[in-house]
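Engineer: These are the residues of each chain, in order.
2 protein chains.
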Amino acid sequence: MTQLEKARKGEITPEIQQVADAEGLSSEKLAELVARGFVVVPSNKRHQLQRPCGIGKTLRTKVNTNIGTSPDFPDWKRELEKLEVALTCGTDTVMDLSTGGDLKTCRREILKRSPVPVGSVPIYEAAVRARERHGAVVKMSTEEIFQVIADHAADGIDFITIHCGVTRQIVERLKEQPRVMGIVSRGGAIMAGWMIYHDQENPLYAQFDRLLEIARDYDVTLSLGDGLRPGCLADATDHAQISELMVIGELVVRAREAGVQVMVEGPGHVPLDQIEANVKLQKRLCQEAPFYVLGPLVTDIAPGYDHIAGAIGGALAGAAGADFLCYLTPAEHLGLPTPEDVRRGVMATRLAAHVADLVKGIPGAWEWDLEMAKARQNLDWEKQLELALDPQLARQMRGERNPASRETCSMCGDYCAIDILKKYLGGSGCES
Amino acid sequence: MTQLEKARKGEITPEIQQVADAEGLSSEKLAELVARGFVVVPSNKRHQLQRPCGIGKTLRTKVNTNIGTSPDFPDWKRELEKLEVALTCGTDTVMDLSTGGDLKTCRREILKRSPVPVGSVPIYEAAVRARERHGAVVKMSTEEIFQVIADHAADGIDFITIHCGVTRQIVERLKEQPRVMGIVSRGGAIMAGWMIYHDQENPLYAQFDRLLEIARDYDVTLSLGDGLRPGCLADATDHAQISELMVIGELVVRAREAGVQVMVEGPGHVPLDQIEANVKLQKRLCQEAPFYVLGPLVTDIAPGYDHIAGAIGGALAGAAGADFLCYLTPAEHLGLPTPEDVRRGVMATRLAAHVADLVKGIPGAWEWDLEMAKARQNLDWEKQLELALDPQLARQMRGERNPASRETCSMCGDYCAIDILKKYLGGSGCES
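These protein sequence lines map, in sequence, to chains A and W. Under this note's numbering, the first residue of the first sequence carries the number 1, and numbering increases by one thereafter. Under this note's numbering, the first residue of the second sequence carries the number 1001, and numbering increases by one thereafter.
Don't take every hint at face value.
Unchecked claim - Listed below are several chain A residues computed to face chain W (Cβ distance under 10 Å; list not exhaustive):
id, residue
1, Q18
2, A22
3, G24
4, L25
5, E28
6, K29
7, G100
8, D102
9, G182
10, R186
11, A206
12, D341
Stated by the list, open to error - Derived pair list, reagent style DSSO-like, types lysine-lysine, alpha-carbon separation capped at 27 Å:
id, chain 1, residue 1, chain 2, residue 2
13, A, K175, W, K1374
14, A, K423, W, K1383
15, A, K139, W, K1423
16, A, K374, W, K1175
17, A, K175, W, K1383
18, A, K383, W, K1175
19, A, K280, W, K1280
20, A, K280, W, K1360
21, W, K1139, A, K360
If you are wondering where the hints come from, they were derived from the structure by calculation, not from laboratory data. Only a predicted model underlies this, so the values are computations on that prediction, with no experimental measurement involved. Even glycine gets a Cβ: it sits at the ideal position worked out from N, Cα and C.
Construct all of the structure, not just a fragment, from the sequences and the given hints.
Structural biologist: Set out below in structure tokens:
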């Protein structure tokens, strides 16, 4: 049985218990949310998780880190380094998106070392194998696609992105009503290319039940990918995107009926004032399935700063109800991220998730800010550095920018507002 | 006559003409906005501006960079370096907040070199002089305060932050209803301390007409500072903050009546879901005077990442109608920023301003994103790098993360979605 099926029977699994404890929620309440499909707890039966996580309604907004090789950078050891960085920075999950070098070893090494749920996009491996065997990505057979999915499930992958909603009809219509950027999702592009080349329906849609069987066998959570997500602001919230979302909404119901945990992926590139509408639409059309967004990026013009553009969109999406934020690094749209890019990406996304949690009223969120405010008021630097989102960076910056003896900081020094007020409104600790 | 008075008479000044041209607006329309006080064009009669800027309704959201010495870092030459960085990064204005070393030389050197409007906070210099002369910040006399303001105006400062709204009544009440963080504005703390020490009303409030006279003589734009802005999320949108805003709203009317250009400063630290309300409140209570916000920071726990926390708040505030964003750097709450901190702060804030401009529908904003989207679709890297918010950084990152020959990028390489689709949906430029 899957976590979903057990929850429906009222069984409190060790994973549910662990997540409930971490979130400060009763395990019964959490099991009920899982049973209704409002929360997923990705945990493949074959992957022993030290830190399982729950994603969805009433829970802390979660952060995912994408790692993985590419044809230009096929060294999986470097990806393990990124895994370490992401874990140190506090990511909740990781996804292995490898497309270069020894894919299987990379996946297995990540699974072995990751205490948190690991996701993947099996169609990437299917595309790599198809190039090796047939000389072209689109020449993969349906059997080969499902074989790779089964391999990932058997290896212990906890959640997989599957582009089931890219149907023939939507792609046909897209050819008549072109977008500025067409399809920018790799998985979406592969499936669209496959359908055109084979003149057949998307097998992941046509044979969705076969997919559900594999997912159910291993308890792999399905992350229904938005292969038609907009690639730029001008394409946001358009016919193709919403058509796909409506298909996905139907598949959510079928997955739940089959006892398979399911979440839904979302954009991408969205202007700030369309974000809330996108979240509400997903929640309605997909029966409140957990919403996993990529950014969204609120502008197209910020390569080098897409972790910030994504943090703006992610904070807003989270505040509107999105449950799971996929990080973006400064390298997005420029190249494969370095470990330092990963660090900056995870931190910016954790910041956005916390900002959303303040709005959602997640237990502990306001308390954290309040503790920081009190530490500031007391000019208690040690406490401020401990409480910082990134204590290591904050400590380093404080050290570099201040004389060792300062009780205030080098911005205001003797003109510290807190210090002046202590003198005149009472209180202690004044040095000036 | 001030810009405001001339605009009321229908006169098109060279500054109005230049701003109108830069914004793609008719000079008559701009003059009308200035005449009504919805837009300010800070330009001291004694400061020849190469790049004047308009701040307010219908115009591009502007970005300010704070520079200036501190007691720990009194070297003004280093601040000129920051000025250069800020200008290169595209700041619209700068403020000299110096409190250490040779204040006058620093101010005059900045004024001499800055092609954009320069602001200051005269009470900082008054505080420094008071420590020198009397041994304590609060011992400054009213005459000394006004003398410093007159000095700044005579030197050519284009806009000054003045904390007129911190009245005795509000501070008295604050003593009875304490906040978590009291007063965190340096200017606000100095004025509150002054009132308590002297047992007198805030002279900048009590003698507001005297301030207006100086401002009118030199056409210094008043930026009515929020000395009672919240210092943490828990204090946001509280009685003290709104009380001060209401006082400021009355002073806006008096300034306009006196022919003095005026804008209003805003928070600070605000939870994401209170930002829009803050902007709407300011616009209503202050008769649509331009709104100049500091961030706002949407969480307290992000020292080292406050430029990102500020970009989230700034984008949202701008989208809701704020006109002018004061940058925050990664060093906020930790120390005086380095030139590199300045660069990162200006860029993050320009990003936020642009995101707001997309929502506001500012001419040129959507076109910029669309051009980038087209360049991406064409895999035209040279064009993408040219169009980037920070072309220099984008170029450097692209170079470091990719083999020289790549037409796609090292994230996807042969699995580039755009590339795959070109092959199957038509188009050219396909290499795989």
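Engineer: Each hint: holds or not?
Structural biologist: Consistency of the hints with the structure:
For Q18/A, the shortest C-beta to C-beta distance to chain W is roughly 25 Å, which exceeds 10 Å, and the interface hint is violated. The interface hint given for A22/A is broken, as the beta carbon of that residue sits about 19 Å from the closest beta carbon of chain W, more than 10 Å. About 18 Å separates the beta-carbon of G24/A from the nearest beta-carbon of chain W, more than 10 Å, and the hint is not met. A cut of 10 Å between beta carbons decides the hint on L25/A: the least distance to chain W is about 22 Å, and the hint is violated.
Violation of the interface hint for E28/A is found here, the shortest Cβ-Cβ separation to chain W being roughly 30 Å, above the 10 Å cut-off. Interface restraint check: K29/A against chain W, minimum CB-CB distance 24 Å, threshold 10 Å, status violated. Interface hint at G100/A: satisfied, since its Cβ lies 7 Å from the closest Cβ of chain W, which is below the 10 Å cut-off. With its C-beta approaching chain W no nearer than about 16 Å, D102/A sits outside the 10 Å limit, and its interface hint is violated.
Hint on G182/A holds. Least Cβ distance to chain W is approximately 5 Å, under the 10 Å limit. For R186/A, the interface hint holds, the least distance from its beta-carbon to any beta-carbon of chain W being 5 Å, beneath 10 Å. The beta carbon of A206/A is not positioned within 10 Å of any beta carbon in chain W (closest approach about 19 Å), and the interface hint is therefore violated. Hint on D341/A holds. Least Cβ distance to chain W is approximately 8 Å, under the 10 Å limit.
This hinted pair checks out: K175/A and K1374/W have alpha carbons roughly 17 Å apart, not beyond 27 Å. Pair hint K423/A plus K1383/W does not hold up; C-alpha atoms about 57 Å apart against a cutoff of 27 Å. Note on K139/A and K1423/W: the hinted pairing holds, with a Cα-Cα distance of about 13 Å set against a maximum of 27 Å. For the suggested pair K374/A and K1175/W, the alpha carbons sit about 17 Å apart, so the restraint of at most 27 Å is met.
Between K175/A and K1383/W the CA atoms are separated by roughly 26 Å; this keeps the pair inside 27 Å, and the hint holds. Simply put, K383/A and K1175/W have alpha-carbon atoms about 26 Å apart, close enough for the 27 Å limit, and the pair holds. Distance check on the hinted pair: K280/A and K1280/W sit about 24 Å apart at the alpha-carbon level, within 27 Å; holds. Distance check on the hinted pair: K280/A and K1360/W sit about 22 Å apart at the alpha-carbon level, within 27 Å; holds.
Pair hint K1139/W plus K360/A does not hold up; C-alpha atoms about 46 Å apart against a cutoff of 27 Å.
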